[in-house]
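Residue numbers (my numbering): 6 to 144.
In short, the hints are calculated from the structure, not lab data.
The beta-carbon is built from N, C-alpha and C at its ideal position, and this holds for glycine as well.
Warning: the hint list may mix true and false statements.
Ranges between beta-carbon positions, derived for each pair [stated by the list, open to error]:
| # | residue 1 | residue 2 | range |
| --- | --- | --- | --- |
| 1 | K40 | E85 | 22 to 28 Å |
| 2 | Q38 | V74 | 40 to 46 Å |
| 3 | S100 | E42 | 32 to 38 Å |
| 4 | T35 | A89 | 22 to 28 Å |
| 5 | V64 | L34 | 40 to 46 Å |
| 6 | R83 | K120 | 27 to 33 Å |
| 7 | A71 | R122 | 45 to 51 Å |
| 8 | G119 | S49 | 57 to 63 Å |
| 9 | P70 | E42 | 18 to 24 Å |
| 10 | G119 | Y51 | 32 to 38 Å |
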Amino acid sequence: MKRTQISAIAIAFSTLFAGQAMAADNAPLTRAQVKAELTQAVNSGYTVVTESGLLAKDVFSSNYPAPQVESLTRAQVRAELAEAIASGNVFVSESGQRANEVFSSNYAQDSSIGKSREEVRQELAEAIENGLLDKHISA
6 MKRTQISAIA IAFSTLFAGQ AMAADNAPLT RAQVKAELTQ AVNSGYTVVT ESGLLAKDVF
66 SSNYPAPQVE SLTRAQVRAE LAEAIASGNV FVSESGQRAN EVFSSNYAQD SSIGKSREEV
126 RQELAEAIEN GLLDKHISA
């Protein structure tokens, strides 16, 4: 058991020193930089407050605002809504069906354009030339 403890401690120390050796900036921080980083960590809730290692922002989530996410402008939201209404991609029933599913005749359907007759004939001729078309078709 002592060997496993010793090896675990050795691995922990080697990880600690390897992490410091791989750091890009080896210059020590000034007192002002350390104070600024500490103030920022405390204000944003990135300090450990429990023995289990939970952060202040996780334990006291009401004291720390959620991080700001990039939001859309009103014009962008209105444009997206108008596009969704026009294409029928809005929910119209409690069952979760969209308008283009319930009232499919009111909205344009996705049209899959097939090949023209000439393209099919050309492909058939190429298949016959290359021997890819079996002459005997079994029923």
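Structure-based check of all given hints:
1. In this structure the hint that K40 and E85 lie 22 to 28 Å apart at CB is violated, the actual value being about 45 Å.
2. Here the CB-CB span from Q38 to V74 is close to 29 Å, at odds with the stated 40 to 46 Å.
3. The supplied range of 32 to 38 Å is broken by S100 and E42, whose beta-carbon atoms lie about 53 Å from each other.
4. At about 54 Å, the beta-carbon gap between T35 and A89 misses the expected band of 22 to 28 Å.
5. Between V64 and L34 the Cβ separation comes to about 27 Å, which falls outside the hinted range of 40 to 46 Å.
6. As the Cβ distance of R83 to K120 is approximately 40 Å, the hint placing it in 27 to 33 Å is violated.
7. Separated by about 60 Å at the C-beta atoms, A71 and R122 break the suggested range of 45 to 51 Å.
8. Distance hint check for G119 and S49: the Cβ-Cβ separation is about 58 Å, which falls inside the suggested range of 57 to 63 Å.
9. For P70 and E42, the Cβ-Cβ distance of about 20 Å falls inside the hinted range of 18 to 24 Å, so the restraint holds.
10. Between G119 and Y51 the beta carbons are some 59 Å apart, a value that contradicts the proposed interval 32 to 38 Å.
Comparing the model with each earlier hint shows violations of hints 1, 2, 3, 4, 5, 6, 7, 10; every other hint is respected.
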